[in-house]
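The whole structure should be built from the sequences, with the hints applied where relevant.
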Amino acid sequence: MKIPVGIKVFVDAAGVDPRYARLVHRYVLSAAVWLLIGTFAGLLDAFRYTVPELLELPWLSFGRVRPMHTAAVLWGWASLALLGVCVYVVPRSCRTTLHSLLAARISLWLWNAGLTLGVIAFAMGQNNGNQEYREFPIFLRLGPVPVPVVPLLAASAILLAWNFYKTIAKRSVQQIYISNWFMLSAPLFATVLVVVGWFPGFNRGNGQPIIQGWYMHNAVGMWFTPLAVGATYYTLPKLLNKPIYSYALGVLGFWTHIIFYTLIGTHHYIFSSLPAWLQTTSIIFSTAMMVPVWASTGNFLLTMRGERSAMRISYSLPFVLVGAIGYGLASVQGTAEAFKAANEIWHFTDYTVGHAHLAMVGFVSFLVWGSIYGLVPRVTGKEPNVELVGAHFWLSFVGLAMMFVALCGGGHARGVGNLEGDSFMEGIRTMAPYWVWRAVGGSFMALGHVIFAWNLWSMRPGAFVNLMQPPADGQ
Amino acid sequence: MISFHTNHRLLLVAPALTFALLTTVIAILPAIYENRLYPGDPDRKPLPADVARGRELYIAEGCSYCHTQQVRVDTRRPVGPDGRFPPLAADARWGRPTTPADYADQDPPLLGTQRTGPDLADAGGRLPSPDWQFTHLYDPRLVVPDSRMPAYRWYFHTGDERAEGDREVLLPASVIEQKGKGFRVFAKRDAQALVAYILSLKTGTVPPARSGAAPK
Ligand code: HEM
Numbered sequence: 001m002k003i004p005v006g007i008k009v010f011v012d013a014a015g016v017d018p019r020y021a022r023l024v025h026r027y028v029l030s031a032a033v034w035l036l037i038g039t040f041a042g043l044l045d046a047f048r049y050t051v052p053e054l055l056e057l058p059w060l061s062f063g064r065v066r067p068m069h070t071a072a073v074l075w076g077w078a079s080l081a082l083l084g085v086c087v088y089v090v091p092r093s094c095r096t097t098l099h100s101l102l103a104a105r106i107s108l109w110l111w112n113a114g115l116t117l118g119v120i121a122f123a124m125g126q127n128n129g130n131q132e133y134r135e136f137p138i139f140l141r142l143g144p145v146p147v148p149v150v151p152l153l154a155a156s157a158i159l160l161a162w163n164f165y166k167t168i169a170k171r172s173v174q175q176i177y178i179s180n181w182f183m184l185s186a187p188l189f190a191t192v193l194v195v196v197g198w199f200p201g202f203n204r205g206n207g208q209p210i211i212q213g214w215y216m217h218n219a220v221g222m223w224f225t226p227l228a229v230g231a232t233y234y235t236l237p238k239l240l241n242k243p244i245y246s247y248a249l250g251v252l253g254f255w256t257h258i259i260f261y262t263l264i265g266t267h268h269y270i271f272s273s274l275p276a277w278l279q280t281t282s283i284i285f286s287t288a289m290m291v292p293v294w295a296s297t298g299n300f301l302l303t304m305r306g307e308r309s310a311m312r313i314s315y316s317l318p319f320v321l322v323g324a325i326g327y328g329l330a331s332v333q334g335t336a337e338a339f340k341a342a343n344e345i346w347h348f349t350d351y352t353v354g355h356a357h358l359a360m361v362g363f364v365s366f367l368v369w370g371s372i373y374g375l376v377p378r379v380t381g382k383e384p385n386v387e388l389v390g391a392h393f394w395l396s397f398v399g400l401a402m403m404f405v406a407l408c409g410g411g412h413a414r415g416v417g418n419l420e421g422d423s424f425m426e427g428i429r430t431m432a433p434y435w436v437w438r439a440v441g442g443s444f445m446a447l448g449h450v451i452f453a454w455n456l457w458s459m460r461p462g463a464f465v466n467l468m469q470p471p472a473d474g475q
Numbered sequence: 001m002i003s004f005h006t007n008h009r010l011l012l013v014a015p016a017l018t019f020a021l022l023t024t025v026i027a028i029l030p031a032i033y034e035n036r037l038y039p040g041d042p043d044r045k046p047l048p049a050d051v052a053r054g055r056e057l058y059i060a061e062g063c064s065y066c067h068t069q070q071v072r073v074d075t076r077r078p079v080g081p082d083g084r085f086p087p088l089a090a091d092a093r094w095g096r097p098t099t100p101a102d103y104a105d106q107d108p109p110l111l112g113t114q115r116t117g118p119d120l121a122d123a124g125g126r127l128p129s130p131d132w133q134f135t136h137l138y139d140p141r142l143v144v145p146d147s148r149m150p151a152y153r154w155y156f157h158t159g160d161e162r163a164e165g166d167r168e169v170l171l172p173a174s175v176i177e178q179k180g181k182g183f184r185v186f187a188k189r190d191a192q193a194l195v196a197y198i199l200s201l202k203t204g205t206v207p208p209a210r211s212g213a214a215p216k
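Chains as they are written, first to last, in the numbering used here: chain A, 1 to 475; chain B, 1 to 216.
A few of these clues could be false.
[What the hints assert, rightly or not] Label pairs and their calculated CB-CB ranges: (1) A:123 - B:146: 22 to 32 Å; (2) B:163 - A:398: 21 to 31 Å; (3) B:3 - A:457: 38 to 48 Å; (4) A:102 - B:164: 52 to 62 Å; (5) B:160 - A:55: 53 to 63 Å; (6) A:454 - B:76: 51 to 61 Å; (7) B:18 - A:174: 18 to 28 Å; (8) A:340 - B:9: 40 to 50 Å.
[Unchecked claim] Cut-off 20 Å, straight-line C-alpha distance, at most; resulting in silico cross-link-like pairs (DMTMM-like, lysine to aspartate or glutamate): (9) B:188 - A:56; (10) A:238 - A:12; (11) B:179 - A:53; (12) A:340 - B:161; (13) B:179 - B:161.
For the record, the hints were derived by calculation from the structure and aren't laboratory data.
The beta-carbon is built from N, C-alpha and C at its ideal position, and this holds for glycine as well.
Below you can see the structure in the form of structure tokens.
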């Protein structure tokens with residue numbers, strides 16, 4: 001039996017300020033555009049591992065497209081999608097309205113403008129020293145004219161933090177719900193990341209890898225993870241219509257996350273020239289990360305326990321389920337990678353790239369998709385086609401599984417071969433078939449992303465007349 | 001009573017402050033300390049213009065997404081006769097381990113995180129022929145058939161005309177055999193800079209740990 005979800009959505013969306021509905025939708029739609037750009041950049045580089053001559057244009061060479069891919073999917077897709085979810089969750093969970101629609105709109109366009117200029121900079125060969133995830137130059141130099149890039153992104157984050165703070169301050173409930181802890185803190189963490197990450201003077205000598213490890217790790221850990229976890233603390237109870245399994249576990253997760261996560265950046269530089277005490281600290285706290293990870297993953301899974309029938313009829317809950325499990329798996333994998341015996345084999349191979357995709361797609365993106373499908377119809381009043389949501393789910397799931405197995409399997413095979421004395425080119429030949437499978441898996445995912453973008457478009461606000469009709473299946 | 005559940009001011013300040021403080025202890029201070037410990041050579045001359053330009057191009061093209069400049073060290077094993085720890089078994093083929101002092105003069109150093117292609121810390125020592133480097137950069141598959149490295153053809157031109165500042169590449173016999181006698185490749189200025197940079201990457205000697213204190 002199908003629950004007439006349409007009616008619920010209709011009730012929720014009734015009386016929503018259409019400007020607010022459009023704002024939430026625009027955040028997520030911008031994110032989807034960046035997802036498509038980033039996906040096709042990734043796909044281009046993925047196919048180049050098999051056909052290196054593909055599209056030989058100077059401004060689209062492998063090493064210029066790669067930061068375009070990561071910037072578009074990380075700072076474009078995942079960030080904007082999560083911020084869109086925040087723009088929904090913060091006021092809703094505070095039982096109030098967003099402090100300033102205008103400020104949120106300015107944040108969105110500052111962010112979009114910063115990203116666009118940054119991607120142009122990469123095409124022109126301008127980047128911040130190939131330092132991963134902070135490749136955006138502070139200024140894009142168009143001839144003699146410096147155009148700000150990073151300052152736009154920083155201004156956007158600060159403006160959002162202020163907007164969320166003011167919204168929480170005028171809440172009409174006494175308690176500040178746990179989602180807001182994450183959502184208020186993350187833009188402030190991001191501000192610290194930007195200031196330290198781009199501060200001139202740190203990035204030289206043997207100090208650079210210390211900052212780089214800290215930055216790389218906390219870009220994921222203090223931005224994407226708290227936002228995705230915070231979003232799920234709202235979405236999951238909302239979709240299941242019951243409270244989270246344990247609120248206290250959420251609070252424990254919040255604080256242990258901040259403390260442990262910050263200390264483990266150097267696990268990206270095991271066996272390096274960095275001081276031994278930093279490497280050891282990072283390995284120890286990489287293990288301690290199991291506490292916040294399972295506090296959240298376990299909390300989500302225990303909340304979902306016994307909800308089989310809800311899982312079957314909902315088109316958003318399966319995404320949340322995969323995302324919650326993805327968080328646990330990616331984190332266990334990350335802890336394993338920090339141990340020396342494993343690191344010696346896997347580090348520098350495609351194993352790491354497999355891990356990155358499990359984390360950013362299997363965990364963050366799936367949770368975001370769950371929140372988007374679950375929440376956006378509640379402001380726009382329009383639901384996507386359920387079959388197409390299913391197509392998106394399976395294409396992304398199967399595609400990611402293929403990509404993950406190919407990259408981690410191949411990376412492991414190449415790493416073991418290297419230790420057994422394979423020549424370097426033997427290592428390349430070992431990887432060759434796995435690279436093909438990565439590109440095939442990536443193509444599945446790309447198709448899924450196109451369908452997702454269409455689904456999002458079909459949820460756009462505006463045609464409110466549709467709401468006056470009963471749900472399609474007549475229930 | 002102060003409570004995070006009800007006090008939004010506290011919630012604004014405390015987590016961000018915790019993060020900032022821990023960051024100072026685990027990243028900022030250690031980074032400053034490392035750079036004090038290894039200040040680099042006080043009498044260092046700036047890089048020659050072409051090497052510096054080559055380094056810029058290396059960054060612009062994102063060579064570090066496939067190449068590391070970082071040979072790892074295994075501190076779990078006993079030190080060798082030279083009093084230094086041996087390289088990690090997985091890295092032994094790339095030469096001596098990188099030391100902090102190797103990075104001292106670099107801003108930013110280009111350690112890389114992925115080794116799709118070989119480590120380049122000693123690229124100039126291993127492959128000192130400029131003509132091999134030019135040919136390889138023009139089209140890696142001319143000299144390494146299974147290579148997955150992109151061809152950087154736009155730093156070259158073919159044909160008969162040599163433009164101002166060009167350098168003709170002495171192609172290996174196998175390439176001439178394959179492409180015919182009339183095939184000529186000219187390296188533009190930027191290609192020459194890039195190769196000058198690659199050839200400058202050598203780890204022949206271990207730099208003194210504290211250049212500042214080292215005898216001249
Ligand atoms: C849709 C299909 C996708 C394809 C074909 C793809 C392909 C690629 C490729 C070729 C690389 C470079 C790997 C290398 O240098 O060898 C890469 C890196 C990366 N991608 Fe994707 N990608 C896809 C989707 C995504 C998505 C949706 C995200 C995040 C939300 C993502 C996050 C990343 C990250 C973080 C890295 C850097 C990995 C590292 O530094 O180790 N990718 N991807």
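Hints, one by one, checked against the model:
no. : hint                      : result
1   : A:123 - B:146: 22 to 32 Å : holds, 29 Å
2   : B:163 - A:398: 21 to 31 Å : violated, 52 Å
3   : B:3 - A:457: 38 to 48 Å   : holds, 43 Å
4   : A:102 - B:164: 52 to 62 Å : holds, 56 Å
5   : B:160 - A:55: 53 to 63 Å  : violated, 28 Å
6   : A:454 - B:76: 51 to 61 Å  : holds, 53 Å
7   : B:18 - A:174: 18 to 28 Å  : holds, 24 Å
8   : A:340 - B:9: 40 to 50 Å   : holds, 44 Å
9   : B:188 - A:56              : holds, 18 Å
10  : A:238 - A:12              : holds, 12 Å
11  : B:179 - A:53              : holds, 18 Å
12  : A:340 - B:161             : violated, 55 Å
13  : B:179 - B:161             : holds, 18 Å
In the structure shown, a violation is registered for the earlier hints numbered 2, 5 and 12, in ascending order.
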